[in-house]
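*Asks:* Chain by chain, the residues run as shown.
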Amino acid sequence: MFKQIGHIVKRNPVFLSSVRYKAAYEGDGKTTVRVINQEQDLGLMIDAFATYGFRLNNGITVLGPIAIFPRTILSWQVKSSKEITEDSLRFFKLLEPKIDLLIIGLESNDRSTTDTVFRAARAVKLNVEILATEHACSTFNFLNSEARSVAGAIIPPLHVEVNEDDMLKSKLHYENLYKKELH
Amino acid sequence: MRPIKSFNIENRAHRVISKEKPTVAPSYPSTVEELKRIREVDPDIDVKLAQKDPELDERLKDVYVTSLGRPEDDVTKEKQGQSAKRLLPQDRKAPPDFDFGLKEPEKVPYGRTTLRHAIDYISSHQTNPEEVTAEKIAFEYKLKVEDVENILKYFKTYEVYLPATKTTPATFAGPTVLRRQLLKSNVKEIESKKEEEDNKQAQVKNI
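Chain order of the listed sequences is Z and C. 38 is the number that full-length UniProt numbering gives to position 38 of the first sequence; each next residue is one higher, with no gaps. 59 is the number that full-length UniProt numbering gives to position 59 of the second sequence; each next residue is one higher, with no gaps.
One chain only, chain Z, in its complex shape (with noise of 0.2 Å):
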């Protein structure tokens, strides 16, 4: 008898809270994807990375290390994490509007560089948030997206692990892969 009961619990378990139906995809035509970096009015965000440079989403390439505001872009003048000083960051502290946060995207994951910026922005009285550059980006995107008061200091990575679908749109962006002909 009871092991009957078992049975039938196990076949229809009782759910006694809805939530469990309730997920990030609701059914087909009831789900929505916004892509930030397609939306302009959002400001400038970084689309790609690749060990010369960025790509941001207007369209442009620029090459080495950045320093991205949320409308505007600038070359930043070092050459790897190691150079960089209090003398470097200083023109962040001296912005007016004052900046809340400033994203440094290192291209690498040592301590000890890691700590030598991070005592460097400390010198200047800067909040900062050290990220390798793939996560900086992304941090700075959606940061510039919710109109925050940003800054990027980003220095591209060494090395970039692309996958397909990197390649195809890299290729898609430069030319028109659609329209050339098999030969």
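It is worth saying that the hints were derived from the structure and are not from the lab. A portion of the hints provided could be inaccurate.
[Claimed, not checked] In the EDC-like style, the derived pairs of lysine to aspartate or glutamate whose C-alpha atoms are separated by at most 20 Å in a straight line are:
1) C:Lys142 with C:Glu106
2) C:Lys156 with Z:Glu86
3) C:Lys153 with Z:Asp87
Got chain Z sorted already, so can you dock chain C onto it with the hints?
*Replies:* Just chain C now, kept in the frame of chain Z:
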């Protein structure tokens, strides 16, 4: 207690309901006393109360209500007129986007700089470094000379590079005003670009 109380309740209830005239509830002892007192003072009070008294009606005709001051309607209108000085916003559009994302302050404190100014002096320093020196910039924008030297050392504006060979030119970035002006002479106009594109497509087909 409950079952004893409700014994034969249905029958008893029907008996009470089916009475032709319901029994009046007894009045309160103090009420009874008061009625007794009134009847002693005026024995035919019941008849008097039931009859119409013309004298009271006459008195009622003399009573009327007047109001002093201004009517309330005028006062509200006047108040509405006053608030016309502080009108509700008529323009409900979103505020315009600022050039640099955030509102720039009208007054910049000494020793600080805005992005607009920074880009101005960085690019002008790049175009002629002999004339626009750090000292001059520091004097003009009220900054420390060492700060300006650091800014000029570590921050540069981009120079534009437009490769001419592709249909969608990959622009290598940035506004250095003078450079842009120089380049303008070389950059082809939109019309010529269209022709160029057409030519290119033709070329592709030829291959």
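*Asks:* Run every hint past the structure and note whether it holds.
*Replies:* Verification of the supplied hints:
A distance of roughly 15 Å separates the Cα atoms of C:Lys142 and C:Glu106; the hinted pair therefore holds under the 20 Å criterion. Annotation: proposed proximity of C:Lys156 to Z:Glu86 holds, straight-line Cα distance about 17 Å (limit 20 Å). For the given pair, C:Lys153 sits about 9 Å from Z:Asp87 by alpha-carbon distance, which is consistent with the 20 Å threshold.
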